[in-house]
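Trainee: In case you want the letters, here they are:
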Amino acid sequence: MRILLIEDDSLIGDGIKNGLEKLGFSVDWFSDGDDGHEALLQADYDAVVLDLGLPGRDGLSILTNWRARGCKVPVLILTARGDVDERIAGLNSGADDYLGKPFALKEVQARLNALIRRSSGLSTPEIKYREITFNPQNRKTFFNGKEVTLSPKETALLELLLLNRNKVLSKESIESKIYSWDDDVSSNAVEVHIHHLRKKLGKDIVKTINKIGYIMED
Amino acid sequence: MQKLNLRFRLIIFFGLISLTVFTVAGLLSWQECREKVDEFFDTYQLALARQLSTADWTHVVPESQEITDQLIEDVSNAESEEDSIGFAIFSNAGERIFHDGEKGKDFPPFGRTGSFGTERIDDDDWRVIRLMSTDRQYIVAVGQELDFRTEIVEDMFEEFMTPWGIGLFVLLAAIIVMLTKEFASLNRLAAQLKTRSADDLSPIDETNIPAEVTPLTGEVNQLFARIEEMLKRERDFIADAAHELRSPLTALKVQLEVAQMSANDPQTIRESLQKLEHGIDRSTRLVEQLLAFSRIESNLTPDLHDEESLDWTQIVARIKDEYAPGAAAKQITFIERLSGPPPFQKGNPVWADLMLRNLVDNAVKYSPCGAVITITIEDEKISVCNSDVSVSPEQLTHLGQRFYRPAGQKIEGSGLGLSIIAKIASIYHCRADCTNTSDGFCVTILPQTN
Numbered sequence: 001m002r003i004l005l006i007e008d009d010s011l012i013g014d015g016i017k018n019g020l021e022k023l024g025f026s027v028d029w030f031s032d033g034d035d036g037h038e039a040l041l042q043a044d045y046d047a048v049v050l051d052l053g054l055p056g057r058d059g060l061s062i063l064t065n066w067r068a069r070g071c072k073v074p075v076l077i078l079t080a081r082g083d084v085d086e087r088i089a090g091l092n093s094g095a096d097d098y099l100g101k102p103f104a105l106k107e108v109q110a111r112l113n114a115l116i117r118r119s120s121g122l123s124t125p126e127i128k129y130r131e132i133t134f135n136p137q138n139r140k141t142f143f144n145g146k147e148v149t150l151s152p153k154e155t156a157l158l159e160l161l162l163l164n165r166n167k168v169l170s171k172e173s174i175e176s177k178i179y180s181w182d183d184d185v186s187s188n189a190v191e192v193h194i195h196h197l198r199k200k201l202g203k204d205i206v207k208t209i210n211k212i213g214y215i216m217e218d
Numbered sequence: 001m002q003k004l005n006l007r008f009r010l011i012i013f014f015g016l017i018s019l020t021v022f023t024v025a026g027l028l029s030w031q032e033c034r035e036k037v038d039e040f041f042d043t044y045q046l047a048l049a050r051q052l053s054t055a056d057w058t059h060v061v062p063e064s065q066e067i068t069d070q071l072i073e074d075v076s077n078a079e080s081e082e083d084s085i086g087f088a089i090f091s092n093a094g095e096r097i098f099h100d101g102e103k104g105k106d107f108p109p110f111g112r113t114g115s116f117g118t119e120r121i122d123d124d125d126w127r128v129i130r131l132m133s134t135d136r137q138y139i140v141a142v143g144q145e146l147d148f149r150t151e152i153v154e155d156m157f158e159e160f161m162t163p164w165g166i167g168l169f170v171l172l173a174a175i176i177v178m179l180t181k182e183f184a185s186l187n188r189l190a191a192q193l194k195t196r197s198a199d200d201l202s203p204i205d206e207t208n209i210p211a212e213v214t215p216l217t218g219e220v221n222q223l224f225a226r227i228e229e230m231l232k233r234e235r236d237f238i239a240d241a242a243h244e245l246r247s248p249l250t251a252l253k254v255q256l257e258v259a260q261m262s263a264n265d266p267q268t269i270r271e272s273l274q275k276l277e278h279g280i281d282r283s284t285r286l287v288e289q290l291l292a293f294s295r296i297e298s299n300l301t302p303d304l305h306d307e308e309s310l311d312w313t314q315i316v317a318r319i320k321d322e323y324a325p326g327a328a329a330k331q332i333t334f335i336e337r338l339s340g341p342p343p344f345q346k347g348n349p350v351w352a353d354l355m356l357r358n359l360v361d362n363a364v365k366y367s368p369c370g371a372v373i374t375i376t377i378e379d380e381k382i383s384v385c386n387s388d389v390s391v392s393p394e395q396l397t398h399l400g401q402r403f404y405r406p407a408g409q410k411i412e413g414s415g416l417g418l419s420i421i422a423k424i425a426s427i428y429h430c431r432a433d434c435t436n437t438s439d440g441f442c443v444t445i446l447p448q449t450n
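Taken in order, these protein sequences are the chains called D and G.
No gaps in the numbering here: position 153 of the first sequence is 153 in my numbering, and each next residue is one more.
No gaps in the numbering here: position 82 of the second sequence is 82 in my numbering, and each next residue is one more.
Hint data in this document are derived by calculation from the structure and do not stem from the laboratory.
Because the structure is a prediction, the values reported are computed rather than measured.
Possibly wrong hints are sitting among the right ones.
Said to hold, decoys possible - Okay, derived cross-link-like pairs now, BS3-like style, lysine-lysine, Cα gap no bigger than 27 Å in a straight line:
no. : chain 1 : residue 1 : chain 2 : residue 2
1   : D       : K106      : G       : K320
2   : D       : K22       : G       : K253
3   : D       : K22       : D       : K128
4   : D       : K199      : D       : K22
5   : G       : K330      : D       : K140
6   : G       : K320      : G       : K330
Stated by the list, open to error - Simulated coverage check for chain G against chain D, where a stretch passes if three residues somewhere in it have a Cβ under 8 Å from a Cβ of chain D:
no. : segment
7   : 174–184
8   : 254–266
For glycine and all other residues, C-beta sits at the position ideal for the given N, C-alpha and C.
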């Protein structure tokens, strides 16, 4: 899952980026409101973590602008103010959820997973497909009831495919989803991950559509 | 011992005064009555004695006495206006010739003659006057029982004083009623204040409060207003402070979690721990600034108004030494111009130091590499300028607001430095001005009147 993080505080931003990456997300972090605002319009994100107390362009105006342009990506707002008014203003401006500082990383993860799940139309936390069961929160994958060890990128790819069943995903869109702009991506990285997934979860879970991409069919 | 309440004291005071006046007036009245009664009866006795002394007693025989006694007895049985005056007539040899019923019977023939005297006769005190008859053959003695006079005086005194006594009682009752009524509104006020909750700072209702007390309630109401304003400032500050503290706490928490998640990644753990340490330093600085600010803001520092002579040259030298390593790392040059009088010469060295330290700290922190920081003390002004820094007019208006940090500010700070500077300056009747000059961005401390 690719997350856009807009947070001006260097220690918090750095912590959330590193933490979420350890939890399997790919994260692009911007400390400037204007850059962050542009980033969402340039790349395909699954969710946004937006700090309201930005010194440059304030979080609420960024959010309002996105929604006005028709961006439907789920937004989790972070606020240091304890008062209810700010949260209400955030939710009314189009935020999907909020977290008050100080918060735990695990909570950010849980909220993001819930937001992504909801935006994909799923209602249960576990995603099931044939013999595969995937839990987005603890990032564990089971095949025929047995746990399978997948690398973070493989897990991210599996999650992406599971959330976009019956849709053809191009190699480029997969790359943009599971890698952030900071990552070095080798040209055949996606093919390697698909190969590993097939080895671990069965040859036919993903179909290759020549020259177009990959699909996970029901 | 607890002091009695004012109402009770006033009642006792007025009661005692009235009682004293009443007693003195009573004693004087008694004296006056006694004198008048004595004068009256003495005149009467003397007139009687004179009449008797001019009478002809040669024809009095012993039978005359019996007839007279009988007559007197008849009269007194019928109706008697007792004046308890008696008389006796003696021959100049002391032989009793005639007396007035029972009363004159025991008068001794000899004693003080020609003037009044008190004599003890038959266990009673009598006022007696003796006169020689004009032919010097007889002695006339006229006497009156003193107890009778006393009774007359008592009667007069009683009649005279009764209205006064009633008056005294009415006066005291009126005083008590009036005082109770006047104090009722004060008691109500006291009860109202007593039951007031600590956070109720609404003004006291001044209707029905005596005009003498309204200056007091007015002052109390003003005090309430001041306390309310102070509390509001405190609440705002606490809210702001809590907000400012949440961010560094979040940073610590998030970095700690990253370290915890990186059990098999020593590199990340090391980095996270470094960031944690950095975050803790940052929080410590923020807390210190918050404490300094709140202590100045709420005037909790008793030594704030100390009037020691300040050695600004020494303060500048000390702070410059302290910031020299940091400045050197950024190739910052200090220029000093300490030629003239400072804006304030006396004050608390610790706070003066804190003010200048914040000025220099800001300058070093926000100056780019290779900048020049000029510290000037002249013309009753202290200014610290950093070259290569300029602040937009829009930002200038916000500078000095608590926790304000300009947009896009990457350098860490509490947003309290300028507030602290301005606060300390205001204690010494100075203000802090932020301006862009040829020396760069300057913060200047100058007297408020300037």
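Trainee: With reference to the structure, classify each hint as holding or not holding.
Mentor: For each hint, the structure was consulted:
no.	hint	in the structure
1	K106(D) - K320(G)	violated, 46 Å
2	K22(D) - K253(G)	holds, 16 Å
3	K22(D) - K128(D)	holds, 24 Å
4	K199(D) - K22(D)	holds, 24 Å
5	K330(G) - K140(D)	violated, 49 Å
6	K320(G) - K330(G)	holds, 14 Å
7	174–184	violated (count 0)
8	254–266	holds (count 6)
The structure fails to meet hints 1, 5, 7 from the earlier list, while all remaining hints are met.
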